[in-house]
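**Q** Based on the provided sequences and hints, a complete structural model is requested.
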Amino acid sequence: MIEIDPVKCVGCGACVRICPPKALTIEVNEKETILKYFIGRCIFCWMCVQTCPQKAIKTTNKFELSAVDVHELQMELVHNTVKCRVCGKPFITSKFVKEVGRRLNGGFKDDLLYVCPTCRRKLTAKKIATKVTGVE
Amino acid sequence: MVEALPRNGSVDLAKAFDKLKRSIWVFHLNTGSCNGCDIEVLDVLTPYFDVERFGIKLVGSPRHADLILLTGPITIKTLDKVVRAIDAMPRPRLVLALGSCGVGGGIWFNTYSTLGGYPKLQELLKSLGVEVDKVVYVPGCPVRPEAIIYGVALLLGLAEPKVRYERVEAVEG
Amino acid sequence: MDFITISLISFFAVVSAFLPPLLDGVERKVRAKIQSRIGPPTVMQTWYDLRKLAVKELKMPLGGELAVLTVFLSLITSVSSIAYLTYVLITSTLNPLSIATLIVLITASHNLTLLSSVSTSNPFSIVGSYRNVTLLLVNEFGFMAGFIATLYALVRLSTNPTPLSFLAYALGLAALIVSTYVGCGRLPYDIHEAEPELASGALIEFSGVALGTYLYTHLMMRYVFSLLVAYAISTLIIGFTNALVVIAVLALLTSIIYILYGVVAAMLGRTRVDLGVRTLFTLYVSLTLCLVVAWLFA
Amino acid sequence: MVSDIIETLASVARGSRSKSILTKVGEVCGDKLLKVERVSPSTIKVLIKADCLHEVAEVLSAERDVYFRTMAASDERPAENLFKLYYVFGIDSEGTNIVVEVPTDGEREVPSISDVVKACDWYELEAHDLMGVKFSGRFLKRLVLPDDWPEEIHPLRKDITTEEIKKLYQPQVVKRAVELGVEEIVKIPIGPYHPALHEPEYFELYVRGEKVVDARYVGFMVHRGIEKLAESMKYDQVPFLAERICGICGFVHSVSYTQAVEEALNIEVPEKTQYIRTIILELERIHSHLLWIGVALHLLGYDTGFMHAWRIREKVMVLSELLTGSRKTYGINLVGGVRKDINKEKIEKTKQTLKQVLNEYKEFVDVATSVPQVRRRLSGTGVLPGGEARAYSLVGPTARGSGLSRDVRKDYTYGAYHFVSFSIPTYSEGDNLARTLVRIDEVYESINIIEQLLDTIPSSSEIKVDSWEPQPMKLGLGNVEAPRGEVIHVVITGKYGPYRWRVRAPTYQNLQAVPTMLRGVDLADAPITIASIDPCFSCTDRAIKINIKTGKVEFIPLEVLSRGGVR
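Residue numbers (my numbering), protein chains in the order written: chain A, 1 to 136; chain B, 1 to 173; chain C, 1 to 298; chain D, 1 to 567.
In short, the hints are calculated from the structure, not lab data.
Check before you lean on any hint, since a few could be wrong.
Unchecked claim - Negatives, chain B to chain D, calculated, CB over 12 Å:
1. Lys15
2. Arg22
3. Leu42
4. Pro142
5. Ile149
6. Val163
7. Glu172
Stated by the list, open to error - Partial chain C-side listing against chain D, Cβ under 8 Å, derived:
8. Ile34
9. Gln35
10. Ser36
11. Arg37
12. Leu187
13. Pro188
14. Ala266
15. Met267
16. Gly269
17. Arg270
18. Thr271
19. Arg272
20. Val273
21. Asp274
22. Leu275
23. Val277
Ideal Cβ placement from N, Cα and C applies to all residues, glycine included.
**A** So, in structure tokens, the structure goes:
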């Protein structure tokens, strides 16, 4: 099984996208973003370990994974969800936003960082339009 | 839909389960697996792991079996036979769902021709009136021989489960 | 019959009831050794298996009530054949009548198990039994010829030992050993029950107590057959002496033969019904011919 | 002009064989031949109109060294509003693939070629089932999908999603056992019934007494819908899926897939990768053959042999774990390279273990083949003459047991096989013993190959290409000699993952010949005969498998026999 480090993980979802059997899934709701790991479907290929940009996923050599209830084989990691400042839709985790901010080294201003991709595109288009035409 | 076969007599399940601890006969039921788990099941029977040490024996008919080693994601074409095989077992009947496929449908949990693992089958069995006395899920892809043996031990109550449901809050850095 | 005889017979019958599963356990251990495994945890394993089967649910096969009944009948004949054999041995009342009774009892228990599987509706069962019938037809012939010839030669040897009657004894014993080996249903002649593709053949439909009884009867039968061979050999060595000694030697020798058969079985593959029948037929016919010739000259 | 076409054909040909064969194809097609193109060094694609498909098939099947390899149906309606059928023929003597591309609109019937190319039978049925392509001039029946599957749903079409299929079709549990009357049971000795093997497989044997009169494979129990699933996956996820086509020879499938993608996209793989892949492939062959020998001996009732074969095999499993990190489904293969390197220490360890395996194996094989029942029951049973083997385009040890010296490792070389010297064991008797001996000999060859590779493995640590660009709608073929025979994958590339991925496992080809082998065999020898092709049903069905030791048997009335339901 794999172990996800709750300190390092930012909830970016790279592992979810690469996981061949979809044993890792991510669920985004109003309050929280839950990264779910279902051992019962894991094929132990370690693609997530290789992919994780934060090196937050560790392999272990545990094999005694039997359980009487399938539910016992579920692991969850709960992140805070950030809502888009423009449209108010929940989009990513707070840690992820911070990490992006850190990596960009201030290249992005907060008003763009906390905006979901759709709104960000709209915002940028608007800015350009304002620049070109001079009209708000 | 399956109607349950008439049952004859009543069995003292607790007593029978107690006797099972020294002698457990297994029937290997492949429900559309890739063979990976199946050969590990055979591996468990052969010299290196040799589960006859624990009184486990492979039998050729579900009528003789106490435990079904279920591998595979249960494809729709096998469903019919799987239900019948489990129904043919005398009670107490136990099931060991092996491998990612048996536990959660594995890599094909969501294709058009699989049921997607034992939990879904169990719902179906319940609706058909076929009772299964105990189930243990053993993940792995393919499931390791050691894990199978551990699964059997867990099934018989000789070992404690080592994984638990966990819900961890991410630590803000 | 005095008290001692009765208690001896019952003592031996009880031992005979407990010994076969124990011997099977030993055989499993030995087989595991040959296959470089450890095998069952203790030699008591077969007992545990039977005890478990006794408390499991009995699922009646389709139209299988008769089958279950015959299984129990077969157990009874099997036990009584052991008891009767012991009686014959202890009281030294070996005569044509007792031999006939013995053969009837043994073959009856043998065939009843077969009948049990024919009466179920499962084709695997039916094919399994059909094969066994074919094999039995040939084997019973060899068994009777061997058994009678050996006993007859033993009587001759005790009164008038000549090299020729010794040869007759050896030939009869050979036929007896082969036929009892086949009768035990061991490899390569276990085709009625163990063709893996036929999903355990004859006993596929049995469960719970019925299966337990069937297996137990089967082990008993193996024991009876080994006992016969042990008797044929031990009589030559120790003659008809003290009953207690006879029983002790018999029990020991039977166990040895039982295990030896098991060891031989572990080294072989399974034959096909046509091949098996052909081999046995040739063997028995040639052995019988030799016997007849030996007798003619004796 | 016909002469122009023939000239173009000649110009794309690879050698003299392909030149002469292509010329013949050009002659029968005339102006129905639309386009010829060389898609990779070893693959030539010929686009023809459906009308002349049958003639082309006749020409190709008449050639002695041309074998039918696979056929893929692809739904290319989003791009061209057409379905396309890709028939792959291989010229064994030259290692060239001729891909005959036939477009169809899905309404018009395509002429069936299963009358001239026997091996094509299942491919057409499968294309009919999964893609809804219609074929003329043959009897079409359900092959892959369950009997109660709705007529109008073809799961591999692009316009239907898995979710939609699931909504339209829910499996029903039907109990047939209860319907059995006692009357039918009386018929058993002449009637049909199923034997059950340890591997989940489902044959109906029609027996008279103890002799098998006919046999039918009622299969595709393991249909898991892999090809549909792959279409929703990314390039780097598919190798893991491919490995799970079969748990025994999984690496074969993942290598075959990656090779197909690499060919389609022209990716140059580092030499060390080729070495590592080849070593693991051969290791897999050893474990698979040992497994098979064990199971075969078990079927012959020689359980001691079974145990010892598996005891030796366990060493190979430990070796696999050392080299790849897993006992099975290694998961080390990706498009463009492998994930795990082999270092000096591992090489030494591997050599040592192989030496032990070799010694123990020799000893074991000597004993096992001298057991009288094993010899007697193997020789002369399940005979498949070489002619039949050719007609069915059989592959692997099954073909080699019937005297056809076919081996993808030599004929269409790949990986690092051209760096080593090895021989291909061939026996001409065509019985179960011949097929067993082929496998027994191959283990020695495999050990030899691995030793040679370990001696010459490059010391560089470059095992993966850094990056590569996917291009859509490129065709690639990948073939690997699996323990059971050739595996061939056809990949049509997409943007993020394969657009269409067709897997052809060796058993798919070999299984079609099993009824021929079974006819006249004793019932007791039926299992070993079926097993003698080393069937891998999960490969074949690429979706599922079942063990029918349910203790209940279904009866097929004899009328079915006469209705042509049996092949």
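**Q** It remains to establish, for every hint, whether it holds in the given structure.
**A** So, going through the hints one by one against the coordinates:
1. Lys15: Given a closest Cβ separation of 25 Å, the condition holds.
2. Arg22: 23 Å, holds
3. Leu42: 7 Å, violated
4. Pro142: The claim is violated: B/Pro142 sits with its nearest Cβ about 5 Å from chain D, within 12 Å.
5. Ile149: 15 Å, holds
6. Val163: 20 Å, holds
7. Glu172: Non-interface label stands for B/Glu172: nearest chain D Cβ at 31 Å, farther than 12 Å.
8. Ile34: 6 Å, holds
9. Gln35: Hint on C/Gln35: holds, closest Cβ of chain D at ~4 Å, below 8 Å.
10. Ser36: This interface hint holds because 6 Å falls under the 8 Å limit.
11. Arg37: At 6 Å from the nearest chain D Cβ, C/Arg37 passes the 8 Å test, so the hint holds.
12. Leu187: With a minimum Cβ separation of about 6 Å from chain D (threshold 8 Å), the hint on C/Leu187 holds.
13. Pro188: OK, holds: C/Pro188 within 8 Å of chain D, min 5 Å.
14. Ala266: 5 Å, holds
15. Met267: Interface hint status for C/Met267: holds (7 Å vs cutoff 8 Å).
16. Gly269: Result: holds, 3 Å to nearest chain D Cβ.
17. Arg270: Cβ of C/Arg270 sits 2 Å from chain D, so the hint holds.
18. Thr271: Check passed: Cβ of C/Thr271 comes within 5 Å of chain D, closer than 8 Å.
19. Arg272: Because about 4 Å separates C/Arg272 from the closest Cβ in chain D, which is inside the 8 Å limit, the hint holds.
20. Val273: 6 Å, holds
21. Asp274: 7 Å, holds
22. Leu275: Nearest chain D Cβ about 6 Å off; hint holds.
23. Val277: 11 Å, violated
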